[in-house]
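Chains A and B, in that order, give the protein sequences. Each residue of the first sequence is one higher than the one before, counting from 1 in my numbering. Each residue of the second sequence is one higher than the one before, counting from 1 in my numbering.
Calculated directly from the structure, the hints in this document are not laboratory data. Here the structure is a predicted model, which is why all the values come from computation and not from measurement. Check the hints yourself; a few may be wrong.
Pairs count within a copy or across copies, as identical chains cannot be separated in the list.
[Said to hold, decoys possible] Heads up, simulated EDC-like pairs for lysine to aspartate or glutamate below, C-alpha to C-alpha not over 20 Å straight-line: (1) 36 <-> 157; (2) 36 <-> 138; (3) 372 <-> 258; (4) 372 <-> 224; (5) 36 <-> 259; (6) 36 <-> 17; (7) 136 <-> 365; (8) 136 <-> 364; (9) 372 <-> 275; (10) 36 <-> 158; (11) 136 <-> 258; (12) 136 <-> 384; (13) 155 <-> 17.
There are 2 protein chains.
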Amino acid sequence: MANTTAAPQASSIAATDGGVTAPFGFQSAAVHCGIKAAQGALDLAVLAADRAISAAALFTTNLVKAAPVRVSQRHLAATDGRVRAIVVNSGCANACTGEAGMRDAATMASETAAGLGCLPEQILVASTGVIGVALKMDLLTPGIRAAARSLARGKGDEAARAIMTTDPFPKERAVVVSTGVGQFRVGGMAKGSGMIEPMMATMLGFLTTDAAVAPALLHRALREVAHDTFNAITVDGEPSTNDTLFAMASGASGVTIDEAAYPALLDGMRAVSRELSLEIVRGGEGATKVIAVTITGAPSEADARRVARTIANSLLVKTAVHGADPNWGRILAAAGRSGAIFNPDRATVKLGGVLLFENGLPHDEAAPEAEKHLQGQQIAIEMDLGFTPGHTATIWTCDLSAEYVRINGEYRT
Amino acid sequence: MANTTAAPQASSIAATDGGVTAPFGFQSAAVHCGIKAAQGALDLAVLAADRAISAAALFTTNLVKAAPVRVSQRHLAATDGRVRAIVVNSGCANACTGEAGMRDAATMASETAAGLGCLPEQILVASTGVIGVALKMDLLTPGIRAAARSLARGKGDEAARAIMTTDPFPKERAVVVSTGVGQFRVGGMAKGSGMIEPMMATMLGFLTTDAAVAPALLHRALREVAHDTFNAITVDGEPSTNDTLFAMASGASGVTIDEAAYPALLDGMRAVSRELSLEIVRGGEGATKVIAVTITGAPSEADARRVARTIANSLLVKTAVHGADPNWGRILAAAGRSGAIFNPDRATVKLGGVLLFENGLPHDEAAPEAEKHLQGQQIAIEMDLGFTPGHTATIWTCDLSAEYVRINGEYRT
């Protein structure tokens with residue numbers, strides 16, 4: 001950051017087409033290797049910069065880390081955050097696969113590096129799919145070579161499809177950020193849709209920008225943005241072995257992010273991340289509704305998040321929303337077991353803005369109106385814990401349907 | 001305890017018929033008040049001792065405590081643990097009902113006391129059912145009077161049915177404990193079956209014994225026994241606003257529990273509690289299988305419980321078991337996010353005794369045998385964390401089925 005005293009620049013954001021290759025300086029390719037059984041289903045993507053550029057990543061906090069997570073952590077450290085490309089496959093998580101899995105992840109990097117003409121350490125690796133199954137390297141290696149030969153701009157949508165597992169639709173977004181010193185772009189793609197929980201939230205997320213950002217600053221921005229986007233969603237309270245959020249900054253726009261431009265970078269990254277993470281929730285396994293749980297009046301932000309997460313992960317709340325049942329008692333009970341300390345008699349609960357609980361008592365007359373809200377697809381749960389001034393947090397989740405059970409009872413067998 | 005140096009006495013346990021009224025000195029009655037809509041469905045029970053006797057209780061740790069919980073806490077304190085009866089209704093939890101709810105719970109106690117001819121403080125109160133709905137006192141009051149008039153021995157089974165909500169079957173058990181100084185009996189009944197989670201586990205549990213036990217010792221025994229029975233089960237990770245485990249000791253057997261006889265009391269209470277808590281799991285909402293999650297080789301007992309609970313509450317594990325999918329990766333991933341620290345490469349995972357993961361690698365050849373185990377109804381998940389000597393814990397849970405979603409999406413509306 002050249003100038004630490006500069007005032008934030010005014011900036012504006014506009015949505016634009018495309019995803020990870022909307023920013024300049026990036027190309028992608030997606031191919032069918034055969035890891036997914038379905039004929040022609042894309043299951044491998046390479047997202048490459050034109051040269052080694054700034055990169056940062058946030059990795060799962062699960063103690064059990066998949067081989068690609070561990071390889072990516074090493075490569076980021078070894079290159080001080082200067083990488084050329086990310087290679088990612090779906091259909092197999094390469095997790096709990098021992099030393100052979102580590103070798104396979106390293107081979108994914110070295111094969112990609114060979115195709116691009118760079119060092120293996122300049123490649124980051126991601127995998128998503130079933131745990132405990134070895135990668136079919138005889139299928140993957142020719143796939144990587146084919147992908148490296150077919151890189152192009154404007155194929156981000158294929159990459160977004162290639163990273164899907166049980167996702168019902170691909171997720172990509174891009175914005176143009178206009179600042180006083182020029183325009184830059186932020187693009188992204190992500191996949192869900194089970195094992196989603198705030199701690200390192202999504203299975204896989206990829207952000208690109210053509211702003212010039214030093215690796216340390218990119219990492220700081222990624223952490224800040226993830227806090228209230230990818231780390232503020234939950235489908236089933238299950239942070240996975242492979243969760244990773246990547247960011248790459250090509251600098252191809254000519255706009256350099258200094259202290260004054262940093263808020264504009266955050267705005268752009270947040271806009272893309274917010275939409276992608278909400279899309280992950282919307283595409284959650286078996287989901288029919290998106291639920292925003294907003295806690296206000298909490299004694300601390302950590303308490304606000306704790307209460308919001310407990311409500312968002314409550315099976316009884318999620319099934320009640322699924323059945324359009326304005327069962328505010330389950331919301332209050334979930335808050336009560338969250339670990340946060342508050343006085344239930346001073347708390348309020350609203351569904352879709354309809355006040356259902358106040359001063360220790362229900363507003364039964366409002367239940368029909370709240371039920372109407374629950375029949376929609378965008379559900380707002382609001383709870384105030386009664387502290388003034390209080391802290392606030394929002395966690396996004398989806399309802400729990402019989403379809404979730406079907407998907408997860410039949411996923412592997 | 002008269003003699004703190006006495007050796008434990010040899011004792012033996014045998015199952016016997018009945019439930020809470022199997023021990024001498026207890027009577028019960030159950031009636032239909034009309035709180036449950038179904039014609040003639042029992043929804044009120046009174047469990048009474050012949051005189052004021054020792055009592056103890058464990059209450060929910062949820063910050064949001066229902067009125068009957070708060071009234072029972074006060075009454076136990078006011079009487080130093082000497083009570084005459086417990087009055088309990090199903091169909092309405094009397095939770096989140098404000099001051100009116102507190103008055104209603106107090107009225108349940110005073111009406112019962114009037115019927116029995118004792119002080120209101122000598123009555124404990126419990127309610128289970130929907131949250132946030134006021135008790136219909138115009139139905140309940142005549143019901144309590146009718147129940148107080150019809151107390152008898154040998155009707156424990158009706159009481160066990162009167163406390164059910166979504167429970168698929170009533171749960172009662174009794175044993176005879178034979179010691180060197182005579183026989184005493186322990187009986188019990190319990191109800192589930194949603195909002196079940198270890199912290200104060202079951203919705204409602206009632207234990208009776210005709211041993212003579214001082215209130216403080218009865219409380220100690222209740223805590224000790226609950227730790228690996230009622231507090232070691234989970235259906236959906238949701239400790240409720242009403243969870244309570246009661247114990248009453250009539251002394252009618254003539255056997256006094258001193259230090260030497262204390263292990264025999266624990267054995268008897270544990271035998272009844274173990275079976276009742278497993279019945280709660282077996283009758284969990286939508287449950288088709290009972291799952292025992294046993295962790296060995298943990299760095300501490302708390303870590304063993306933490307890992308076991310995280311696995312037992314994992315939606316992905318519970319749905320995999322439901323679908324008979326030997327997906328040990330989900331077990332390992334749940335353990336990895338539990339907060340306990342261990343080396344995954346030194347951990348082992350077994351399903352039904354079949355080793356599926358060891359030395360960081362799967363035993364794929366064993367999957368068909370593990371799948372056969374999962375097609376049964378008694379599922380054993382075992383995980384060793386690799387510490388020697390290690391600590392152990394077992395948590396019981398059930399699978400997650402589409403039926404759970406149906407029950408909880410349609411429960412209220």
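Hints and how they fare:
In this assembly of identical chains, the alpha carbons of residue 36 and residue 157 lie at most 20 Å apart only when taken from the same copy (18 Å versus 55 Å across copies). When the C-alpha separation of residue 36 and residue 138 is checked against a cutoff of 20 Å, the pair qualifies only within one copy, where the shortest distance is 14 Å, while the shortest distance between copies is 64 Å. Taking the closest pair of Cα atoms, residue 372 and residue 258 never come within 20 Å of each other, the shortest separation being 48 Å inside a single copy and 61 Å across copies. Taking the closest pair of Cα atoms, residue 372 and residue 224 never come within 20 Å of each other, the shortest separation being 36 Å inside a single copy and 47 Å across copies.
With identical chains, the CA atoms of residue 36 and residue 259 are never at most 20 Å apart, being 45 Å at best within one copy and 65 Å at best between copies. Taking the closest pair of Cα atoms, residue 36 and residue 17 never come within 20 Å of each other, the shortest separation being 28 Å inside a single copy and 57 Å across copies. For the identical chains of this complex, residue 136 and residue 365 are inter-copy neighbours only, at 17 Å across copies versus 60 Å inside a copy, given an alpha-carbon limit of 20 Å. In this homomeric assembly, residue 136 and residue 364 come within 20 Å of each other (Cα to Cα) only across copies, at 15 Å, whereas the closest approach inside a single copy is 58 Å.
When the C-alpha separation of residue 372 and residue 275 is checked against a cutoff of 20 Å, the pair qualifies neither within a copy, at 26 Å, nor between copies, at 43 Å. Taking the shortest alpha-carbon separations for residue 36 and residue 158, only the intra-copy value of 15 Å comes in at or below 20 Å, while the best inter-copy value is 56 Å. In this assembly of identical chains, the alpha carbons of residue 136 and residue 258 never lie at most 20 Å apart, being 44 Å within a copy and 66 Å across copies at closest. For the identical chains of this complex, residue 136 and residue 384 are neighbours neither inside a copy (51 Å) nor across copies (29 Å), given an alpha-carbon limit of 20 Å.
For the identical chains of this complex, residue 155 and residue 17 are intra-copy neighbours only, at 11 Å inside a copy versus 72 Å across copies, given an alpha-carbon limit of 20 Å.
Checked against the numbered hints above, the structure violates hints 3, 4, 5, 6, 9, 11 and 12; every other hint is satisfied.
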